[in-house]
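Colleague: Produce the entire structure from the sequences given, and follow the hints as far as they go.
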Amino acid sequence: MALPVAFFAVFFAYPVAAITGRGLTVDGVWQFGRVGEVLADPDIRGVLWFTTWQALASTALTLLIALPAAYVFARLDFPGKQLLRAVVTVPFVLPTVVVGTAFLALLGRGGLLDELWGVRLDTSVWAILLAHVFFNYAVVVRTVGGLWSQLDPRQEEAARVLGAGRFAAWRRVTLPALVPAVAAAALMVFLFTFTSFGVVQILGGPAYSTLEVEIYRQTAQFLDLPTAAVLTLVQFAAVGAILAVHAWTVRRRESALRLVDPARTARRPRGAGQWALLGAVLATVAVLIVVPLGVLVERSLDGPDGYGFGYYRALQSAGASGGTFLVPPLEAVWNSLEYALAATAIALVVGGLAAAALTRRAGRLVRGFDALLMLPLGVSAVTVGFGFLITLDEPPLDLRTSWILVPLAQALVGVPFVVRTMLPVLRAVDARLREAAAVLGASPPRVWREVDLPMVRRALLVAAGFAFAVSLGEFGATVFIARPDNPTLPVAVARLLGRAGDLNYGQAMALSTILMVVCAVALLVLERMRPDRSGAGEF
Amino acid sequence: MSTTKKFAVTALAAALGVSTLAACGGDKGDSGSGDPKKSKTVTLVSHDSFNASEAVLKAFTKETGYTVKVLKSGDAGAALNQEILTKGSPRGDVFFGVDNTLLSRALDNGIFTPYEAKGLGAIPQGVRLDGDKHRVTPVDTGDICVNYDKKYFADKKLAPPKSFDDLIKPAYKNLLVTENAGSSSPGLGFLLGTVGQYGDDGWQSYWKKLRANGVKVVDGWEQAYNEEFSGSAGGKKAKADRPLVVSYASSPPVEVLYAEPRPKEAPTGVATGTCFRQTEFAGLLTGAKNEEGGKALIDFLIGKKFQEDMPLNMFVNPVIKDAKLPELFTKHGVVVDKPQTVAPEKIADQRERWVKSWSSLVLK
Numbered sequence: 000m001a002l003p004v005a006f007f008a009v010f011f012a013y014p015v016a017a018i019t020g021r022g023l024t025v026d027g028v029w030q031f032g033r034v035g036e037v038l039a040d041p042d043i044r045g046v047l048w049f050t051t052w053q054a055l056a057s058t059a060l061t062l063l064i065a066l067p068a069a070y071v072f073a074r075l076d077f078p079g080k081q082l083l084r085a086v087v088t089v090p091f092v093l094p095t096v097v098v099g100t101a102f103l104a105l106l107g108r109g110g111l112l113d114e115l116w117g118v119r120l121d122t123s124v125w126a127i128l129l130a131h132v133f134f135n136y137a138v139v140v141r142t143v144g145g146l147w148s149q150l151d152p153r154q155e156e157a158a159r160v161l162g163a164g165r166f167a168a169w170r171r172v173t174l175p176a177l178v179p180a181v182a183a184a185a186l187m188v189f190l191f192t193f194t195s196f197g198v199v200q201i202l203g204g205p206a207y208s209t210l211e212v213e214i215y216r217q218t219a220q221f222l223d224l225p226t227a228a229v230l231t232l233v234q235f236a237a238v239g240a241i242l243a244v245h246a247w248t249v250r251r252r253e254s255a256l257r258l259v260d261p262a263r264t265a266r267r268p269r270g271a272g273q274w275a276l277l278g279a280v281l282a283t284v285a286v287l288i289v290v291p292l293g294v295l296v297e298r299s300l301d302g303p304d305g306y307g308f309g310y311y312r313a314l315q316s317a318g319a320s321g322g323t324f325l326v327p328p329l330e331a332v333w334n335s336l337e338y339a340l341a342a343t344a345i346a347l348v349v350g351g352l353a354a355a356a357l358t359r360r361a362g363r364l365v366r367g368f369d370a371l372l373m374l375p376l377g378v379s380a381v382t383v384g385f386g387f388l389i390t391l392d393e394p395p396l397d398l399r400t401s402w403i404l405v406p407l408a409q410a411l412v413g414v415p416f417v418v419r420t421m422l423p424v425l426r427a428v429d430a431r432l433r434e435a436a437a438v439l440g441a442s443p444p445r446v447w448r449e450v451d452l453p454m455v456r457r458a459l460l461v462a463a464g465f466a467f468a469v470s471l472g473e474f475g476a477t478v479f480i481a482r483p484d485n486p487t488l489p490v491a492v493a494r495l496l497g498r499a500g501d502l503n504y505g506q507a508m509a510l511s512t513i514l515m516v517v518c519a520v521a522l523l524v525l526e527r528m529r530p531d532r533s534g535a536g537e538f
Numbered sequence: 000m001s002t003t004k005k006f007a008v009t010a011l012a013a014a015l016g017v018s019t020l021a022a023c024g025g026d027k028g029d030s031g032s033g034d035p036k037k038s039k040t041v042t043l044v045s046h047d048s049f050n051a052s053e054a055v056l057k058a059f060t061k062e063t064g065y066t067v068k069v070l071k072s073g074d075a076g077a078a079l080n081q082e083i084l085t086k087g088s089p090r091g092d093v094f095f096g097v098d099n100t101l102l103s104r105a106l107d108n109g110i111f112t113p114y115e116a117k118g119l120g121a122i123p124q125g126v127r128l129d130g131d132k133h134r135v136t137p138v139d140t141g142d143i144c145v146n147y148d149k150k151y152f153a154d155k156k157l158a159p160p161k162s163f164d165d166l167i168k169p170a171y172k173n174l175l176v177t178e179n180a181g182s183s184s185p186g187l188g189f190l191l192g193t194v195g196q197y198g199d200d201g202w203q204s205y206w207k208k209l210r211a212n213g214v215k216v217v218d219g220w221e222q223a224y225n226e227e228f229s230g231s232a233g234g235k236k237a238k239a240d241r242p243l244v245v246s247y248a249s250s251p252p253v254e255v256l257y258a259e260p261r262p263k264e265a266p267t268g269v270a271t272g273t274c275f276r277q278t279e280f281a282g283l284l285t286g287a288k289n290e291e292g293g294k295a296l297i298d299f300l301i302g303k304k305f306q307e308d309m310p311l312n313m314f315v316n317p318v319i320k321d322a323k324l325p326e327l328f329t330k331h332g333v334v335v336d337k338p339q340t341v342a343p344e345k346i347a348d349q350r351e352r353w354v355k356s357w358s359s360l361v362l363k
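If you read the protein sequences in the order shown, they are chains A and B. Numbering of the first sequence is given in numbering that gives the first Met the number 0, commencing with residue 0 and proceeding in unit increments. Numbering of the second sequence is given in numbering that gives the first Met the number 0, commencing with residue 0 and proceeding in unit increments.
Some hints here could point you the wrong way.
[As the list claims (entries may be wrong)] Coverage of chain B stretches by chain A, computed from C-beta distances (three or more under 8 Å per stretch; other residues unrestricted):
#1 73–85
#2 88–100
#3 227–239
Since the hints were derived computationally from the structure, they do not count as laboratory data. Glycine is no exception: its CB is placed at the ideal position from the N, C-alpha and C atoms.
Modeller: Structure below.
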């Protein structure tokens, strides 16, 4: 417990509190009057309203589109299922700069919808909503589908035998068991879309703005720290409320269910209805996810002299024609991998310890900490980045110019995923096993090594994978941290896109494709290691 | 209780182990431990666009004995704001990348220590915006201008626009895409250009006409140039339909440089009457650990070697009179005779108000 608490206190709570406090004090006197002033501004109110309603609409739309898929992934068996589950998760870890480009190809001018029906949705709120579906599809499929696949279908069958109709059986037996998972997924999606940044900027155009965008502008552009601080507090309050509800639903689910092996619940589709559903889900995935990703791959291969690997070859040299980087872009791949590995190690240690502590202890304080661990997902990257800047500036913690700050910031985002993955498994370990080992004379570390570790090893691997993938795609905090000159993949892509010229654009697409492949491979490896009955893998 | 405690101790050890290991394996540079007075490392803090060729940085080390460590942190605005927040305890010795739109904010916050660079005489008075105070030293200039897609205008047999006035003519209806002045530096530059051209009272009515003529506003340069502008590589792939974009005077040479094979002529051109001049400055940070090294670095930044290396790395123009431009620039670049400028103090004063009224004029 001590280490995770210390980690969050030093690398999250303190920096965020410091930057917010700096904004709200003048010469040491608190200026709470600012809160009223900022909240009275009609523009800010507009932003608040838009942030809230777009998050609600995105969440509803995501559930509507992804729930049938959750059923299909849970109950039906079809070839390529594992690959597909990895593919739908790729968007979740891709940087938004890149996704914006891909998505415009679907919704914008000359895009698929435009060609087929002459419909253009770019710079409309629909583009934002659909992109949010694209990003969060996997959250619903994995969270709800993960649980659904472990519900015993025989319960529903029993209800049918007792005379219930098919729908009544589903409504009375399966639905109540699923509600907490659906609620948890909905809240995760709401959390992600409420704090949406890149998607809104790129696809919505300058007419739309969320709280997150506004905080960035006030901090990074205008240096209006008081306004930024008030907005941060508002976002905090909202996110805190969401997390409280989330923690409550997740806890209810964890205690209530007996789960079965998912391998036994899925069958090959039978009957026209199931085939049609499978077809519809596959078509949705194809249009909404595979097409945008495909566009990136296509553009990375489409050189001035037709298709080829020219852009990929260009990635290997720093100064092919002038030199955008001091290091060749391909080195960014290694930088990214190194940072992501360090971030994963930190996230695993901190998140694993937190999960272990949360398993062993109950009580309100500990539960509060559970929710607190999720907060970094809901706080603006610029707030964290600038907070680091003004707090980690004195020895022994003068980390402002150290490379370790990058993985530390990435680990902040990774920890919630580790905790979410480990917690259900650790809670499933029978306490009597540990007691028996202790009675037989094993020391606590040995108990952990010989009882807990073997049982949670696979969950640990899954958690590691998520933390790794999340750090690989993390862009926000990384940009605001002063870095020595070794860009990560997402940063390198952004820098390439920030320059004119065919080669730069092509290389940006090629690097994005590499990032996609690295993510997909990591996830596929994880799929292989998916624990059979533990319920891990959801987040 | 005790279980958790021991657990925590073990884990703490493990975590420390991880970070120690990481530190051992880290060749990512450290903050230069040892006696700061004799430090051989000088740290340059800048924005993401900073770039210099390795050979030139090595030449600096050879001349002065100092090694340059570069720290980049976000775009120009974010990087400067971070310097202001860490005033008095800076992360480096020299900051490069304050431009004239941000200069007053930097100076008012007093983050720089005056230093009169050696070789200042080679820089024209016109760009030395801090006059005799020498808190900042000009390093480069660049122009934000409307770029046009040559092929589009040739195909249509239409003359490309030359001036701000041209852009509101019916012939160029629905052709221009620009960036959000509230969040993008070229977007702000273009807005300031119109303020310079039409004055405090005139720019708003100009933008009303521009809006009526179908100007499109997107969030950032990346979207405008790569997605909407028909003259760029990305735009061609995205079937973009806007042949006019707010970009830089140096964008056409960059298009030539980053093409394989290199074309004989740039695919894009510059409307030279639509330009706003940006000047970027460097300054010695107050509280710098290595002040001597910092001074040497500023001297070097306005030295001939760095100045002549700069155009192909950051796509900006040198400030010293006798620096030679690379052939790429002389052949494919343009000379902007009369760029618009606005005094930095005025920008600092009015910027938020301008951006706000621009937003309500153009975005709502």
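Colleague: All hints are to be evaluated individually against the structure, with a verdict given for each.
Modeller: Results for each hint:
Counting residues of the segment 73–85 of chain B whose C-beta lies closer than 8 Å to any C-beta of chain A gives 9; at least three are required, and the coverage claim holds. By the rule of at least three residues with a Cβ nearer than 8 Å to a Cβ of chain A, the coverage given for the segment 88–100 of chain B holds, with 3 such residues. Under a criterion of three residues with beta carbons nearer than 8 Å to beta carbons of chain A, the stated coverage of the segment 227–239 of chain B is upheld, 7 such residues being counted.
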